[in-house]
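Keeping their order, the protein sequence lines are chains Z and X. In terms of our numbering, the first sequence opens at residue 16 and continues consecutively. In terms of our numbering, the second sequence opens at residue 135 and continues consecutively.
You may find that some hints are simply not true.
What the hints assert, rightly or not - With a cut-off of at most 25 Å between alpha-carbon atoms, the simulated BS3-like pairs for lysine-lysine come out as follows:
1. Lys26(Z) to Lys408(X)
2. Lys489(X) to Lys39(Z)
3. Lys23(Z) to Lys231(X)
4. Lys26(Z) to Lys38(Z)
5. Lys165(X) to Lys248(X)
6. Lys459(X) to Lys489(X)
7. Lys23(Z) to Lys459(X)
8. Lys248(X) to Lys23(Z)
9. Lys165(X) to Lys231(X)
Don't read these hints as lab results, they were simulated from the structure.
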Amino acid sequence: MHESTSSKKNKQAIADRYWYENKKILLSLLSLWFIVAIVCPVLSVDYLDQFSLGGFGLGFWFNQQGAILFFVAIIFIYHGLMQRLEARLSVEKTADDSQAES
Amino acid sequence: MDAQSFSYLFVGLSFALYIGIAFWTRANSTKQFYVAGGGVHPVLNGMATGADWMSAASFLSVAGIVAFSGRDGSVYLIGWTGGYVLLALLLAPYLRKFGRYTVPDFIGERYYSKTARTVAVLCLIFISFTYIAGQMRGVGIVFSRFLEVDINTGVIIGMVIVFFYAVMGGMKGITYTQVAQYCVLVFAFMVPAVFLSIMWTDNPIPQLGFGSQLNDGSGLTVLQKLDQVTVDLGFHAYTGSIRSTLDTLMIIVTLMIGTAGLPHVIVRFFTVPKVSDARLSAGYALLFIAVIYTTIPAVAGFSRLNLIDSVNEVAYQDAPEWVGKWESTGLIAWQDKNADGRIQYRAGHALVPTKPQFTDARGQYGQRLLENAPSDSENEIYVDRDIMVIANPEIASLPNWVIGLIAAGAVAAALSTAAGLLLVISSSISHDLLKSTFMPSITDEQELLAARLAAATAIVIAGWFGINPPAFVAQVVAFAFGMAAASLFPAIVLGIFSERINKEGAIAGMIVGLFFSVGYIVYFVFINPHQNNADFWFWGISTAGIGGIGAALNMVTAYTVSRFFDAPPTAVISLLKHIRRP
């Protein structure tokens, strides 16, 4: 009886932790998204065009290639970070479970 | 073999493939019909999403838009791809965890209300039909250009093919045909792009070629040359912009959240086995889309150079063969304003009105004569922007089979999008309206039959729109995105991330967002079209960018109204806890 409530509590704690970490990841990746989607190609395009990348002005490059490449990277990074988070929490969970059993 | 025979061959082969897949993937249950049984591999789902998403417009028109507007065309490139980040981070994993069949399903359950579900169904049907009318028309146009059949016959052939695999196979049939369609369209788009890139820069990778030096010994890069020639001819510099920053920003925001709110795209992420697959699959989808979307600006740049190079200041009689060919189909028109027998390509519209109206007569050089009055500008040539992709193989003197390939690719792009849209329409009717709202007692078999009938009816209506296109279709692509951005996206995101939003708030938000955006577009496009310019727009935001404001209004309304009513019941809170768990 006592054990099952404590493991239930644990489960809830892990779920809360997961949601909190997820929001942290979301916030940082969405900031990056905002920078590559809005700041670089629109707001600071003229400034960035002073620099060049191959034959592109950097601002123009963000407009026609860079933003898209960063978007792809952001999604794969998100996938990777969430996989790691899930692996870490399930490790903690099994550690907790075995403690509760012993 | 000539280009037309190749077109018939490739389009015919691709159709045989799609029908074959339709027989192989018959759906036997509603789960298979709505979400392909929920067992689609994330990479395959990514490909299917790519084809689902890339419409006839993506395939044929975006490169043309970018070619003629340079940096200002980037809003479409950024807006239509950036939406996938929102989709992958804010929607797809949670909706997959929720584990049902449709978008209104989520809204109905989360907001514990049949009214909310019905409002969502209405938004979805409105968005999807606006979009699909253009697709069916696109199928007809592709047929008429490449296979020289009547546009209406083309629409009907398209309807029959979609009917086969959408009605028989449902989402299962659509998914696997879309995978095949992605392969067809990516190949068809890349082959001419590679040739063009080699032609101008010797670099076989278009994305890199676009940033390299020209191979003509001038020492200029592609973009320097583009800036130089566009400015010389009186256009704004290719890498410069003439749109206001705020408007650019709002269009990008609207296209991004509109993309993330499009029901036929969202529902693709219901088909993968696990939550983590939904994230991964969104990544693959965008990767597959990025292959084409990073090639588009390169194709645009090279074809603008090609166009200027091969027509400007060239005597009409010496112009390349494709000029005459596309003139005969009405996509190119020339009016010799200064009577020197040469084509002058300059900034500004060549003709009044801007679309050419041909007479039957021919001029002294053999050009088609026009009823249009000449405009004030020195520009003598009208070029339809769609020509940039269609005419590429001829401009670059590529073999005839490449033209056949482009025909098959364009048809694949239009059909795959149309099928995806048809499916969300049919499932919202059979599942959300019948099973969940009005006739909850029907069995799974009856629901499946209803879904098939709804899909068949939707195809007929879509075909009717394709044959009798409402005059507004071309002008209001903004509609579908504005509506998706202002109605569905905020309701779903708030539903996932806020525990406090209740049904009253969500319904009020969707209605306010929808009416604001639709009202703004209707006012400027239909009621007062002569005021449709930056002087009259609210804060200088065009109709294409207003959906972002609509979405913001939706969220503010939803929050405010929710404060005045009870918090959602505990069942909804535990549903939220469930979808937020790994």
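Going down the list of hints, with the structure as the test:
1. Lys26(Z) to Lys408(X): holds, 20 Å
2. Lys489(X) to Lys39(Z): violated, 53 Å
3. Lys23(Z) to Lys231(X): holds, 21 Å
4. Lys26(Z) to Lys38(Z): holds, 18 Å
5. Lys165(X) to Lys248(X): Measuring from Cα to Cα gives roughly 22 Å; hence the hint holds.
6. Lys459(X) to Lys489(X): Measuring from Cα to Cα gives roughly 18 Å; hence the hint holds.
7. Lys23(Z) to Lys459(X): Given that 25 Å is the threshold and the Cα spacing comes to 74 Å, the pair is violated.
8. Lys248(X) to Lys23(Z): violated, 33 Å
9. Lys165(X) to Lys231(X): holds, 15 Å
When held up to the earlier numbered hints, the structure conflicts with 2, 7, 8 and fits the remainder.
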